[in-house]
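Participant: Use these hints to put chain B onto chain A, whose structure you have.
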Amino acid sequence: MALNDLSLSVATKTIVGLIGPNGSGKTTFINLVGGFYQADHGDFLFNGNRINGRKPHEISRLGIGRTFQETRVFRKMTVVENLLVASPNGISGQSMEKARYLLGFVELSHLKDEYAGNLSYGQQKLLEFARVLMRDPELILLDEPAAGINPILIEKLLKCFRTLRDERKTLVIVEHRIPVINSICEKVIVLDHGQKIAAGTPEEIRFNETVQAAYLGAD
Amino acid sequence: MLEVEGVSSGYGNLRVIHGVSMHLNEEEIACIIGPNGSGKSTLLRTIAGIVKPMDGRILFNGKDITGLEPYEILREGICLLPQGRTTFPMMTVLENLQMGAYIINDGKEVQKRLREVYSSFPVLEQRQKNVASKLSGGEMAMLCIARALMSHPKVMLLDEPSLGLAPKVTSLVYRKIAETNNNGSSMVIVEQNVRKVLRIADYAYVLSSGHIESEGKCEELLSDNRLRGLFLGSLTDQSESGPNV
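Residue numbers (this note's numbering), protein chains in the order written: chain A, 1 to 219; chain B, 1 to 245.
The following block holds chain A by itself, in its conformation from the complex (with noise of 0.2 Å):
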């Protein structure tokens, strides 16, 4: 059992931390709210209204978006492809000027027209935060935006994750680059074994000594 007798909340127009060790659930969570996983027992609420059971396209189209741990993009379409068969407007000349501001924002512009298959990890998972940004969703779930991404790239994608919760979005971050999560979370959820161990602001987080000994470390 990967994750038991969860409950948690996140509060609109926040980002969320969630983080702990390796195998701990996070990606599960992630996996569960956007349908690709039912649950055994247990309710997902989205704004008040149940989802459990529904398909990920149709969790996708009540306004949840996510990416994922390791990368899936159509390799065989080209980095533009790749947002335009997100997008809820189909191939439209506005579709168009959305992918182009998007690619632009993650520095793939250069790369529109190559086959994703041939970007790095760390671009595949820019062209990833970028085609969930396509669908304008409410929720995003984003597991892992950081790893892989240099680190001045990661204070522009810090910069766009504030300005998304300032347009009343709400972000759930699965990360363990802890500058990041300091930088930007409101609040921090910590799971161990499928169960939260913590949650509070990143500074209640930090000396929390269950925390320390499960997943930080002493160095």
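These are computed hints drawn from the structure, not numbers from a lab. Where is the CB? At the ideal position from N, CA and C, for every residue including glycine. Treat the hints with care, as some may be off.
Unchecked claim - Keeping only pairs whose Cα atoms sit at most 25 Å apart, straight-line, the calculated BS3-like set for lysine-lysine is:
(1) A:LYS196 / A:LYS98
(2) B:LYS52 / B:LYS154
(3) B:LYS154 / B:LYS217
(4) A:LYS55 / A:LYS112
(5) B:LYS52 / A:LYS76
(6) A:LYS196 / B:LYS217
To be verified - Simulated coverage check for chain B against chain A, where a stretch passes if three residues somewhere in it have a Cβ under 8 Å from a Cβ of chain A:
(7) 6 to 15
(8) 129 to 138
(9) 161 to 169
Facilitator: Same frame as chain A, now just chain B:
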């Protein structure tokens, strides 16, 4: 020990690295840092023979190994640890380690090397009968390093060893990397966890758009404010690990 001279390579018509030169001395750790898509992984894959150079040459202990097949380069003593946790997921830990020694025909020698890696990574001995897919992220990372050590490589090429690992585990993996280096293996490490890798590396190359933009001893790079701004960013001035959420 390892000399890369003016190497260009890429995929199909896409040229990713352009005339890159670098060197690695015995028992040294060199790191390669730089923006996404700058060609860091491609450079490691080119040295390992997975991607063929379009120009330039690669020398290992004076021998030209340009264009050799990956298994030939492994036999020369250069072992690549690819990005991600690339174990054989349905094989046991023991079988994964034995795969790392497939170039060794002497069973006794394989047993001897197994004892060596179990001594360095006791957790792997405890988990030797488990299939690799059931290991935690940190255990998988250690299995990858241990499997590489089974071939007694002279040079290890590590592609983002901290990727996706919890802070505590990252520190452990880096301790193991430092120990392995102290035991005589030279290394080239590609890493986005820049602060972490600069702590253990001797020499650093900054790769940008497929070119070596800068190189030098790690402490020199760290003291150069302009370069710090280019590759380190302000966030990483905070501790990458430790009780600093």
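Participant: Run the structure past the numbered hints and jot down the numbers of the failing ones, going up.
Facilitator: Numbers 1, 4 and 6, in rising order.
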